[in-house]
Amino acid sequence: MKNIFGIEALEGAKSGIREAVDYARSLKDCRYADLRVGLVETRTASSENGNPKIAREDVHSSFGIRVIAGSPQTEAWGYYAQPLSKAELGGRALWKTLRQGIDRAYQRAMVSSQRKQALRELAPALSPVRLAPVEVRKDTVTARFEEDPRRIPIKEVLSEAMNITRQAKSVSPEMRFAFLMMATGLTRELFFSTEGTELDQAYALTNATLLVVAQKGSAIPESFIDHIGGHGGWEAVRGKNVYNKSFLDFALERARDTAELAGAEFLPSTEKPVTVVTEPHFNTLLVHEIIGHPTEADRALKMETAYAGRSWLLRRLDDNEFGKQVASPLITAFSDPILEGYGNYKYDAEGVPGRRVTLIEKGVLRGFMNSRETAAILAQEPNGSMRATACHYVPLVRMTNTVIAPGDRNPQDILSEVEEGYYIVNHRIPSISESRENFRMSAQKVYKIENGRLTRLYRGGGITADSRDFLMSIDAVGNDFIVLPIPNCGKGQPMQVMRVGNGGPTLRGKARLTGEYAR
Amino acid sequence: MRLEDLRECVQKGLDSVKQEKTEIEVFASWNELITMRLNYTSDIPSGGLQEPKSSQFSGIAVSSAFSDKGKTSLGFGSQANELRPRGVTEAFRKAKRGRFYDPDFRSLPLPAGNPTLVDYHDPAVLDISDKEAVDLGWKALEGALRAFREAGIKESIIVGGDVCILKELVAIKSTTGIDTFDVSSILTAAITTMVEKEGVKGTGWATSTKLAGFDPALAGREAALSAIRTIGGKRLPPGHYEVVFGSQPITDMMANVIAPSLSLATVNASNTPFLGKLGQRVTSPNLNIYDDGSLPGQIGSKKVTCEGLPTGRTDLVQEGNLVGFLANHYLGRKFSSNVATFVPRNGFRFHGLGRTYEMQPGVFPTNLVLEGRQGVTTEELFRGIREGVYIGRIWYTYPINGLAAGDFTSTVIGDSFLIKDGQISTPLQPNAVRINDNINRVLQNIVAVGREKKAIQVWSAEEAVIAPEIRVEGVRLDGISAGTA
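Chains E and U supply the protein sequences, listed in that same order.
Each step along the first sequence adds one to the number in numbering that gives the first Met the number 0, with nothing skipped, and position 497 is 496.
Each step along the second sequence adds one to the number in numbering that gives the first Met the number 0, with nothing skipped, and position 297 is 296.
Because the hints were derived from the structure by calculation, they are not lab data.
Among the hints, erroneous ones may be present.
Claimed, not checked - As a list, the in silico SDA-like pairs of lysine to any residue whose alpha-carbon atoms are at most 25 Å apart:
1. U:453 <-> U:115
2. U:196 <-> E:465
3. E:154 <-> U:102
4. E:215 <-> U:334
5. E:154 <-> U:19
6. E:323 <-> U:155
7. E:85 <-> U:31
8. U:68 <-> E:180
9. E:509 <-> U:238
10. U:153 <-> E:121
11. E:447 <-> E:486
12. E:154 <-> U:196
13. U:333 <-> E:162
14. E:154 <-> E:238
15. U:11 <-> E:84
16. E:154 <-> U:103
17. E:85 <-> U:68
18. E:85 <-> U:14
19. U:153 <-> E:116
20. U:333 <-> E:180
21. E:137 <-> E:90
22. U:68 <-> E:323
23. U:70 <-> U:350
24. U:333 <-> U:178
25. E:271 <-> E:162
Stated by the list, open to error - Some chain U residues well away from chain E (every beta-carbon gap over 10 Å; in silico):
26. 66
27. 332
28. 339
All values derive from a computational prediction rather than experimental measurement.
Note that the Cβ used here is the ideal one computed from N, Cα and C, for glycine as well.
Pulled out of the complex, with its shape left as it was, chain U reads as follows (with noise of 0.2 Å):
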């Protein structure tokens, strides 16, 4: 698919279903997800790369607002796979027999400055072919093998994983004065491996927007480097413990309990923890957090949101004062006053596959960036902890009572170890620590945060997360199974 025909189809589009006292938006997607699934287990038969394969999504998607006596009604119509100005007209024509008065409706979307990122896909990911990217995952695979091989270990390895490749062409045009368009590549490896009879699992990352310089044997031979390092793992009595997370268990818990929590869509369903709290104080005010979907080289950006608006940075959490809200055009008009209002750069159609006209433009996070007022060095980060833990990799992290109630727990999985005296000292046994706690709390008790941070992406999830190490005290560690499955 070229992004002209894609573009041509808009125009051409619009121009066949404008009409007098019509508000007409026509957004037109493509994308592919290439997925380098992988499988390898030394006592199991495996394939090694067990899912070489791809999936494609393109279509139109129609937003109307019609003027009928007075009442302005809305509609939405698509038409999926049909990127030709017959689509148009066959989704507009839906749109117009479903339409409906909606009280919340302001308008659509309406043009908004000029987009600071730009052109900032790589040729080369939209041109990649079956072998190289077959390649590529093999490449992971390998990585990982051959670190295992250098430790002597040849039995109970288990690598799993992907190399992805997302690659997202859009095209919106409205009668309100929007006309934009959109390229964007994506490529990551999350790679997990294990040392079985050992229980010990590790895992290693690599994300880019450019095939130059992402290297997925890397990020295989990091998740072995790990697996191995926190072989002879010991259990944890439960208690309250100072802990130091990792980048991906912050990035989890944005992922699944604060980034939801700091939307207007949930705002909208009174169903947040933040509710009534903008202006006040939600967190250590050590603690900085903010979106922007306008960062180079960060795989979460993009140059427009699906509205057609630009991306930037939107502040959300200030020296622990709760200061905004992630917001799409429709809820950000509905929720705007003389008192707040909320810039709607987070307005994407994601459906897990990337950017799709299947979807109306919910609200969703883009590159999520944590940070320290006062970031510190790792070696100050976990001064003065005589006895703590470091967590470096959690897993089903949820609100277990509800997103409001701010209760979560999550267990904790790998890449993990005791803290003693300041330093990093013995592994921690895998699968025999769960975290319960409040989402409340642990924000409240950050001690410090690192200065370093790290891009990651969790399963399914189509944000990144920028995540510095945090140090919170008291966190609630409970024992559980022995592990030894």
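Just chain E, same shape as in the assembly (with noise of 0.2 Å):
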């Protein structure tokens, strides 16, 4: 198949965007300015019920500019975003788009910069925007890969998907309804700043979110929702992801599951907490959601309390969680891009090397994932944190791959040492709190756990707890660890989906069930 506008394509970009920085540079009063040039390939397919619904090939490109300028003590942020057409990806076109796109930034950081200098009296605490410093630095990373999603012809793409959604719609015949959105594709991102940082990276990923519907006679639909895939070509979908399974695989299982849970009662609540094992599937949404979340610096500084909210962990820069027991002792926690997920990269979005950040340290409270203006605020080093879903939107503090760390126990003795339990099976839905201080999370399956052993199972049910009851109740940690694929954390204003890597091993600890309320 020729490719005739593709990742290749941004090689040619870059003395453009070369002399675009140099440009940013000249301009009066410009304090730094960064330029990121993307462009993304994929084939993506639908199928509902083994019947095709979609099928495209798209080629985007894009590029976002950050701008800081203005007077010493004010200097504010500019920003400046648009896609790039195949004939502007060239030489001089280039330089020319990205030339006028600067100036709006740059305009736009001026005119802040003089209005935040006239508030100074009402508003004595705005101040100039400072990054906290980091190398400079050049490097390539290239996408891995063993079968290059271009040349999958967006046929078999199709063909695939309806394969997976026939056989599992045919699963039984409770199935109502079963979709599966596949993708596959690649992407390629140039990061320039003025202090001289020059980086290409580039990665594949394949993946796929299944939705299946099932109902017993006229009984309440149970529905599912799930996600498979990884950074990597087509092999994705022939087994070599996380879940070491075909995607076809992953979808008959959650089919079968969703069909047996049709027909199952409903969790009734409780009103005081009873013991919980939570398994990883389900700790992924845990994790991402009362740990992963309010340990983003921008959270927790309330840069986002009008959207996503604050955090439990810091309510004022000298009155705050750090050094402090949030967790049981049996608890570490970390974020860690280096590792395999879909929060792994090299660099991030301000072209600071991702690297791990110890969040909780044996139940104490350690570090936050943080960007260079939140790391200058809160003095720390940069630590690589700042992600976009593309190169069109602004960086925002984000997971990378955000985990509890594995323990020393084996799941099975976890689960055989409760007299009267319940096991929380596959994470499904979150309510969460505005500062993360306490949550409401429902299962995809519950089971009644009686001298050690599963008894009964329950659908629509879930648990509820405050976060640091939860966490410091924890008093068991497994030592099946699996980081698992989130694809779409939503943050930012426009909201930004973002894929990031969650996980860790089976807990045990205390919480109240919720399930079925008065209907």
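Using the hints, build the complex out of the two chains.
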């Protein structure tokens, strides 16, 4: 297949980007600028109940510019972003487009700096933007894959999706609906800054999102959405992914579970906490919501108050949980973009090398994921946690592969020690309090544990607790560590949907059961 | 980008790819979202207007129905950022390459009457300068800070939120006879403030389709005053309460639980609590719900859908009975029969940044309106409540056990009060109450619906909800963490 507008086109863009960075350097009172230029090639197909619904080949290129400019006491951010056409990616055309973008971002920063100055009497905390220093880097990171996504004909992607939903729909007479959206593609992003950093990173991504719905008679339908995928090419479809399962086997397992649940009882709620054993798939979302999000520095510094909320871990700069016990001593949590998973990368969207950040060590709060700006405010080292969904989005502090570290207990032993309790399996939907201090989260399946054995299956259940209480209640941590994909973490305005890796081992703690409420 | 260029692109592009036995629709869009995101924290160094930014999207989508040996196969192709006839040619080539047989496909959209809402955008919004846009953001911040200053509050202040300006241009032309265009302009300000040491949060909104009269400073002021009003909040023991929901909670429940349940997309997936209930009672008889994308001056309004069809009113619930579902052309044709028809007024290509060529037309609400069969005054709404709760802002509202089950949960994060003897009394402490209930039960237990309505858009939603205050009995509220964070 002829590749007419692909990631190779970015090679010729580098000289134009360098020229644009030089131009930014020449602007009066422009202290910093960075440019990100990206190109994404994807093949996407979807199917419902064995029938085809979508088959598309897309190529999208865009750029984003960040500028810090203004008088020294009130330097301010200015941003600009726009898509790029094939014609614009070449030499002089790119330079012209980027220069116009820099002018717009610069103008916004300069006007904002003036307004900041004018409002300082009313708003004394207004400050110039400061970035924590980082080393200048020049590096190239190539995409890893065995089967090039661009060599997979769109018809093959569609055919695979159709086969999966046809078989998933057929697992039981109770199955009402099986839908799969599948994509495979390559992304390449360039990062150039006025400090001299020049990075060229690429990755492959192949994934699928599944929705299955089953209904027994006229009972309430049971639905489940799950996601599989990984950094890699078409080989991921055949099983080279974190689940070590083909996409088909993954879908069939989810469909069978859903059909079985359609005939199960709804879990009753409890008024008091009970013993719960939560397995790694459930903990993937739990870690995401009650450890990952509150350890994002921008959230802790109140920058997300209007959207995704604050963090109960930092009330004020001088009143926070740093160095204090926030979880059981059995809990250690970290964020690591070097681990394999959806949060894997070498450099973040500010050109900072990603590295492991210890968030909680033996239950004590140790660190936040940060950006260069939030690191400067917190007087910390930047740790490479800034990510953007695409180059036309402004980077935000994001989870990478954010996980609870494995313990030393056999998960079977953790279960068998429970006289009476509940086994909480596979995450479903979260609802979290504004500062992540409380959560209610549903599971796909809940089993009653009696004398160390799973005795009864429920649907429509989950757990609720105050975050600190739950984390402090953990009395066993398994050795069954896993990092799973979360494809749809929403943050920012406009909302950016980001893929991150989350996970951990089996845990045992205390929480209230949530289930059926009066209908 | 000029509308004329967009129209010429779809016209010439369609001419260049027309062929026998093939239906073709060409959709071209250009849009720009300008966002002024605020972040002011009185106790932490901050930028005020943290992110003055914008992003654009433009491109072409081609949908084609090819007649091959007695079967009709369907193909989709798109071309990013190439608003020229050659972009149409390339998108058509992709559509042809990827075509397939879909047994549910009936036809590409067909012309269906004339739009009632025309020429409703504001040219001043399309031409807004960077300086003017940046100023709107700073005005919102200043409005909030002046209100705090007047109240003598200088510390522990947070001001967040944004002022957004969305410009959208689309042109659509097809061999089935559709030839139309649409231009819209939307301005929103959604401001959140806190006095953090008091644990209080307030919100303020402003929405408009015209620049004149759009006042983000007022939204900032409203947010600050709202936070100040709730200082000294009390906690609540768990139980079932008589609750008056304000417009924002109604909007949040609509956007995340009710509206998705009233869409043919969830009917198609057998995943709605309203499955098989068309014609049956699903809410209190005192409630009407409809969607209307042709309401003048509302931010969810459009002249035509992204399928080129006129927008208009779709009744969903009338006096408590389920009478309709939101539909696009594809699903409307799939589910229409001799007992029910679904007019496709909601086929949009939304993707978080307005209308975009990147998406196939899905089913999206426009302006969702709730109203009472008999709307009452605010005084009447509260009358007779001996001990109850006014809930003014909720957060993270989700159908926790799947849409079909109807169970939902949410936390109360601000703008809320206890009600005593029919009057607003003590503020309710934010982040101290979680709603745990079922939407079917809540809709059935509506006691009264207010007459006054307010248009609100929730985070990341494309639609507006025009919602009154609604009184519901027996809502389950649980106490959660002390809210000291």
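So, going through the hints one by one against the coordinates:
For the proposed pair residue 453 of chain U and residue 115 of chain U, the alpha carbon gap of about 23 Å is at most 25 Å, so the pair holds. Between residue 196 of chain U and residue 465 of chain E the CA atoms are separated by roughly 20 Å; this keeps the pair inside 25 Å, and the hint holds. At roughly 17 Å between alpha-carbon atoms, residue 154 of chain E and residue 102 of chain U fall within 25 Å of each other, so this suggested pair holds. Annotation: proposed proximity of residue 215 of chain E to residue 334 of chain U holds, straight-line Cα distance about 22 Å (limit 25 Å).
Restraint check for residue 154 of chain E and residue 19 of chain U: the C-alpha separation of about 24 Å stays at or below 25 Å, so the hint holds. Restraint check: the Cα-Cα separation between residue 323 of chain E and residue 155 of chain U comes to about 23 Å, which is no more than 25 Å; the hinted pair holds. Between residue 85 of chain E and residue 31 of chain U, the direct Cα distance comes to roughly 20 Å. Compliance with the 25 Å bound is thereby established for this hinted pair. For the given pair, residue 68 of chain U sits about 29 Å from residue 180 of chain E by alpha-carbon distance, which is inconsistent with the 25 Å threshold.
For a cut-off of 25 Å, the pair hint linking residue 509 of chain E to residue 238 of chain U stands: about 22 Å separates their Cα positions. With a C-alpha separation of about 9 Å, the suggested pair residue 153 of chain U and residue 121 of chain E falls inside the 25 Å cut-off, and the hint holds. A threshold of 25 Å between alpha carbons decides the hint, and for residue 447 of chain E with residue 486 of chain E the separation of about 30 Å lies outside it, so the pair is violated. As the CA atoms of residue 154 of chain E and residue 196 of chain U are separated by approximately 59 Å, the hinted pair breaks the 25 Å bound.
The hinted pair formed by residue 333 of chain U and residue 162 of chain E meets the criterion: a straight-line CA distance of about 22 Å does not exceed 25 Å. Our distance criterion of 25 Å between C-alpha atoms is met by residue 154 of chain E and residue 238 of chain E, whose separation comes to about 20 Å. Distance restraint check for residue 11 of chain U and residue 84 of chain E: the Cα-Cα separation of roughly 19 Å lies within the 25 Å cut-off, and the hinted pair is therefore satisfied. A C-alpha spacing of about 19 Å is found between residue 154 of chain E and residue 103 of chain U, which places the hinted pair at or below 25 Å, so the restraint holds.
With a C-alpha separation of about 36 Å, the suggested pairing of residue 85 of chain E with residue 68 of chain U is violated against the 25 Å cut-off. For a cut-off of 25 Å, the pair hint linking residue 85 of chain E to residue 14 of chain U stands: about 23 Å separates their Cα positions. Distance check on the hinted pair: residue 153 of chain U and residue 116 of chain E sit about 18 Å apart at the alpha-carbon level, within 25 Å; holds. For the proposed pair residue 333 of chain U and residue 180 of chain E, the alpha carbon gap of about 20 Å is at most 25 Å, so the pair holds.
A hinted pair counts as satisfied when its Cα atoms are at most 25 Å apart, and residue 137 of chain E with residue 90 of chain E qualifies at roughly 21 Å. Our distance criterion of 25 Å between C-alpha atoms is broken by residue 68 of chain U and residue 323 of chain E, whose separation comes to about 72 Å. A hinted pair counts as satisfied when its Cα atoms are at most 25 Å apart, and residue 70 of chain U with residue 350 of chain U does not qualify at roughly 32 Å. Taking the CA atoms of residue 333 of chain U and residue 178 of chain U, the gap is about 24 Å. The hint holds against a cut of 25 Å.
Proximity of residue 271 of chain E to residue 162 of chain E is assessed by CA-CA distance (about 46 Å); at most 25 Å being required, the pair is judged violated. Non-interface status of residue 66 of chain U relative to chain E is upheld: no Cβ of that chain comes within 10 Å, the nearest being about 17 Å off. For residue 332 of chain U, the requirement that its beta carbon stay farther than 10 Å from each beta carbon of chain E is met, with the minimum near 15 Å. Every CB of chain E lies more than 10 Å from the CB of residue 339 of chain U, the least distance being 19 Å, so the non-interface label holds.
Hints 8, 11, 12, 17, 22, 23, 25 from the list above are not met by this structure, while the remaining hints are.
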